[in-house]
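K.L.:
Take a look at the letters that make up each chain.
2 protein chains.
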Amino acid sequence: MDSLQALKDRLAPIVDVQRVARLLSWDLQTVMPPAGAQHRAEQLGTLQQLAHERLTDAETGRLLEAAEREVDGLDPDSDDVTLVRLVRRDYDKAVRVPSELRAEMARAAAEARPVWVRAKEASDFAAFLPALEHNVDLRLRYIECFEGVDEPYDILLDDFEPQTSTAEVRALFDELKGALVPLIAELRDGDTDDSFLTGSFPPDRQERLAKGVVDLFGMRPGSWRLDPTVHPFASGAGVDDVRITTSYDPATIKSLFSTMHEYGHGLYNHQLPRDLERLPTGGPCSLGIHESQSRLWENLVGRSVPFWRFFYPRVRETYPEQLGDVDLDRFLAAINKVKPSLIRIKADEVTYGMHVILRFELEQDIVNGRVALTDLPEAWNAKMSEYLGVEVPDDAHGVLQDTHWSGGMIGYFPTYLLGTVMSVQIWQKAAEDLPELEDAVGRGEFAPLRDWLGEHVHRLGRKFSPQETLRRATGSEIDAKPYLAYLESKYRAGVAA
Amino acid sequence: MDSLQALKDRLAPIVDVQRVARLLSWDLQTVMPPAGAQHRAEQLGTLQQLAHERLTDAETGRLLEAAEREVDGLDPDSDDVTLVRLVRRDYDKAVRVPSELRAEMARAAAEARPVWVRAKEASDFAAFLPALEHNVDLRLRYIECFEGVDEPYDILLDDFEPQTSTAEVRALFDELKGALVPLIAELRDGDTDDSFLTGSFPPDRQERLAKGVVDLFGMRPGSWRLDPTVHPFASGAGVDDVRITTSYDPATIKSLFSTMHEYGHGLYNHQLPRDLERLPTGGPCSLGIHESQSRLWENLVGRSVPFWRFFYPRVRETYPEQLGDVDLDRFLAAINKVKPSLIRIKADEVTYGMHVILRFELEQDIVNGRVALTDLPEAWNAKMSEYLGVEVPDDAHGVLQDTHWSGGMIGYFPTYLLGTVMSVQIWQKAAEDLPELEDAVGRGEFAPLRDWLGEHVHRLGRKFSPQETLRRATGSEIDAKPYLAYLESKYRAGVAA
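Protein sequences, first through last, are from chains A and B.
Mind the numbering: the first sequence is residues 19 to 515 in the numbering used here, read in order.
Mind the numbering: the second sequence is residues 19 to 515 in the numbering used here, read in order.
No lab work stands behind these hints, which were simulated from the structure alone.
All values derive from a computational prediction rather than experimental measurement.
Among these hints, one or two may not hold up.
It does not matter which identical chain is used: a pair holds within one copy or between any two.
[Stated by the list, open to error] Listed next, the in silico EDC-like pairs over lysine to aspartate or glutamate satisfying Cα-Cα at most 20 Å (straight line):
id, residue 1, residue 2
1, Lys26, Glu71
2, Lys355, Glu83
3, Lys401, Asp420
4, Lys26, Glu118
5, Lys364, Asp293
6, Lys508, Asp142
7, Lys508, Asp172
8, Lys26, Glu122
9, Lys447, Asp27
10, Lys499, Asp155
11, Lys26, Asp110
12, Lys447, Glu486
13, Lys26, Asp95
14, Lys355, Asp97
15, Lys357, Glu396
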């Protein structure tokens with residue numbers, strides 16, 4: 019197995035460089051002096067270029083062919099065979115894309131980010147348009163590197179959710195849309211009082227509570243940190259260096275939920291297989307699987323009755339002025355209130371999906387040239403009105419709200435809803451395997467859930483496709499029905515302790 | 019000039035990677051979750067390996083030869099000729115060292131650091147010894163890659179202070195030693211009261227003051243940050259991303275001086291030539307020149323009468339309990355008190371040099387096999403007694419105090435004293451060119467000094483050798499006499515406003 023070992027040695031630095039790039043991106047969004055943006059763009063471009071050059075080098079191709087011969091006939095599920103299979107996939111994709119284009123995409127993304135931040139602050143889409151055009155143009159050039167696909171969007175989607183076609187996603191989303199639109203119409207005019215969730219929530223107390231949640235859910239001490247940023251995300255440099263971020267809005271309690279969400283991402287990174295750590299198979303499977311983890315902790319744990327029976331007293335004590343005379347049932351009803359709104363990351367569980375479907379549809383229109391970028395705000399606003407019945411007052415609350423397109427990340431959004439759908443399938447399988455799960459959550463004990471996720475999802479790393487990973491974890495293919503049934507039973511019945 | 023341009027394009031990613039490595043090292047020492055140390059060691063090793071592979075690649079050699087032909091006959095001081103000359107030097111050195119050894123040196127250094135931190139905390143040299151042995155062994159293997167040098171230590175010194183021989187440094191240091199030992203003996207028993215410099219200095223006030231000093235000395239807004247760490251240092255990712263660190267000891271005022279010191283390093287990084295930014299010539303010249311900048315701001319500005327006439331009221335207001343009844347003259351005398359002590363970074367200006375000379379001598383003994391590493395504490399303590407007349411109570415206050423050897427950085431220490439000597443030569447030349455310099459400092463105006471340093475020192479980057487850089491800035495070779503004359507006139511006369 020000499021060639022296989024040589025291939026692994028050749029790949030390890032690529033994995034390191036990709037992790038370093040993630041750390042630089044964390045730094046950019048949390049602690050970097052703002053003037054450093056231009057350096058950072060160059061540095062991220064260079065790392066992308068070096069990783070890409072090394073992966074697409076003739077020597078990698080030679081070692082890969084030799085390794086394929088070496089592992090021929092071995093157990094197809096083994097670490098070595100899955101590695102060689104994955105590297106073949108990555109290699110065949112990568113060699114089609116010139117290093118210069120890869121580097122330019124990374125640079126353009128890093129350069130566009132501050133432009134987007136300023137444009138969003140000023141709610142000025144026109145100021146963002148040139149950066150968006152440049153990034154979209156690079157994506158179209160990227161698509162041109164490939165041939166023989168059913169539709170161009172498949173290429174972009176594959177970078178975030180591998181081996182998943184636009185057609186499959188469209189079918190799933192159409193099923194969801196058919197059920198969500200009437201459900202939203204039915205629930206939207208509820209008169210649940212959630213006024214106490216807006217008011218004064220001092221950021222220092224929010225931070226203490228957020229760190230308390232991460233401590234409670236659990237990660238090994240000394241292996242994580244939590245920092246404030248504008249747009250929350252999770253990152254890190256390895257299983258023992260997990261970085262999650264959140265955003266403390268002094269007027270709301272939302273950081274609690276965004277922290278639980280990012281904790282789910284962080285735990286996935288934390289429990290990836292240590293023995294595959296410097297191999298491509300040791301990374302996370304896909305953004306959809308990643309999101310299934312964050313949504314599971316945010317919603318299936320973090321908006322559930324058992325969790326709040328345990329945790330509400332602590333939150334109430336933290337904000338006595340706001341919540342002193344709010345009992346658990348009123349709190350539960352408020353945090354689960356269904357109300358169509360403008361901002362995806364603040365959306366409730368029921369309306370959330372339509373925010374994603376809107377973006378998925380617009381992205382296909384962009385890639386297929388069915389919408390001009392200048393007309394994007396108008397197209398956005400029309401769909402918001404149609405799907406959620408809300409009118410967009412300005413672009414900061416509309417088309418400029420998310421950072422993704424500033425980074426050229428087209429094809430990313432659908433993974434949010436794929437993950438949300440899968441989160442329910444994974445939760446239900448965990449609950450089936452662990453009959454005590456709800457009781458444990460109600461006692462504030464999360465080790466059983468952490469361990470189950472570690473064993474059935476996280477430790478698979480990137481060995482298999484997202485759908486194969488889901489099948490191994492749950493025994494099922496991706497399916498809208500459990501998710502829709504969960505929403506209907508939870509929200510039609512009303513939530514109470 | 020096609021080959022020259024291709025060479026520049028080939029080198030730019032190396033410069034980027036080196037800057038990224040510096041940023042990772044900053045992260046390691048300021049914000050990284052402690053469990054992340056192993057990942058970080060691998061990542062730093064990989065970056066070192068990638069940069070080294072790219073520099074020593076046959077293609078670089080081919081472009082370098084072609085570029086040498088292209089620039090033949092051009093102005094030897096031009097950006098292009100100095101670049102080609104420098105790259106030839108770097109390349110010829112680098113090709114002698116296998117990439118694996120380079121990577122192993124970086125990994126071993128990163129792995130040793132937490133070992134050193136724990137050993138220092140426990141004052142347990144034996145716990146540090148294996149890591150030290152491994153790092154020293156790698157350094158000896160590194161030396162073996164070279165041939166035809168006068169003495170082995172030259173190889174190590176050249177990595178920190180290029181084109182400077184051990185013999186030259188020894189001659190300079192012997193001259194200093196001859197003058198410092200009697201000067202210290204004469205001044206050591208002064209009865210200056212500095213008791214008020216120990217007591218209660220709340221870290222939040224120290225931090226406010228430290229940031230105030232950086233603001234006052236001046237850097238472009240949004241291009242720097244100041245963070246706490248154990249062992250202060252300056253780092254950064256480019257001229258617009260400067261990171262300085264300091265350490266807030268609640269019992270002393272020392273962070274003020276360490277901040278001024280690190281500001282000097284930071285300003286140098288901040289004013290390096292922007293037009294050479296992604297070229298090897300765009301970096302700092304040497305650690306000696308770097309240290310001349312930090313020592314200039316720490317001592318020539320930061321322990322001077324004019325500066326404190328301006329700044330003392332602010333410090334006194336910050337710590338009224340400690341300094342309320344201490345007048346400027348008493349304060350100036352205290353911060354300039356000569357008293358042999360155990361810790362280099364806390365040493366006064368007069369005794370500082372002997373701390374460095376001790377290390378320089380021990381390092382040569384290590385490299386030449388004249389001292390076994392197990393005997394290092396004993397050898398250290400004997401020299402402390404001989405040169406400074408102080409007895410070392412434990413290894414934490416002796417051989418374990420500095421981080422350098424944990425990172426295998428042998429040959430680094432002498433640059434501290436080289437820089438200190440040069441700082442006086444540079445200051446005196448600045449004062450000659452700027453007759454108003456002392457008055458400006460006394461008014462809290464630092465732009466003239468910043469600009470002078472930028473024009474005469476910083477903008478030269480790494481175009482020339484350290485000694486050539488000094489000659490261009492001051493018109494003189496390195497010389498112990500101005501430094502000794504400065505110490506004698508300042509300290510024999512006593513310091514007063």
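K.L.:
Against this structure, judge whether each hint is valid.
P.N.:
Structure-based check of all given hints:
Within a single copy, Lys26 and Glu71 get their C-alpha atoms as close as 16 Å, and across copies as close as 18 Å, so both meet the 20 Å cut-off. When the C-alpha separation of Lys355 and Glu83 is checked against a cutoff of 20 Å, the pair qualifies neither within a copy, at 55 Å, nor between copies, at 71 Å. With identical chains, the CA atoms of Lys401 and Asp420 are at most 20 Å apart within one copy only, with a shortest distance of 16 Å there and 63 Å across copies. Taking CA atoms no more than 20 Å apart as the test, Lys26 paired with Glu118 passes between copies only; the shortest distance there is 16 Å, against 25 Å inside one copy.
Taking identical chains as interchangeable, the C-alpha atoms of Lys364 and Asp293 are never at most 20 Å apart, the minima being 38 Å within one chain and 45 Å between chains. When the C-alpha separation of Lys508 and Asp142 is checked against a cutoff of 20 Å, the pair qualifies neither within a copy, at 39 Å, nor between copies, at 60 Å. With identical chains, the CA atoms of Lys508 and Asp172 are never at most 20 Å apart, being 34 Å at best within one copy and 74 Å at best between copies. Taking identical chains as interchangeable, the C-alpha atoms of Lys26 and Glu122 lie at most 20 Å apart only when they sit on different chains, with a minimum of 18 Å there against 27 Å within one chain.
For the homomeric pair Lys447 and Asp27, neither the shortest alpha-carbon distance inside one copy (37 Å) nor that between copies (53 Å) is at most 20 Å. For the identical chains of this complex, Lys499 and Asp155 are neighbours neither inside a copy (37 Å) nor across copies (64 Å), given an alpha-carbon limit of 20 Å. Proximity of Lys26 and Asp110 under a CA criterion of 20 Å is satisfied intra-copy only: 17 Å inside one chain copy versus 30 Å between copies. Taking the closest pair of Cα atoms, Lys447 and Glu486 come within 20 Å of each other only inside a single copy of the chain (15 Å); across copies the shortest separation is 72 Å, beyond that limit.
Taking the shortest alpha-carbon separations for Lys26 and Asp95, only the intra-copy value of 17 Å comes in at or below 20 Å, while the best inter-copy value is 46 Å. Neither within a single protomer nor between protomers do Lys355 and Asp97 lie at most 20 Å apart by alpha-carbon distance, with minima of 45 Å and 65 Å respectively. In this assembly of identical chains, the alpha carbons of Lys357 and Glu396 never lie at most 20 Å apart, being 23 Å within a copy and 74 Å across copies at closest.
Checked against the numbered hints above, the structure breaks hints 2, 5, 6, 7, 9, 10, 14, 15 and satisfies the rest.
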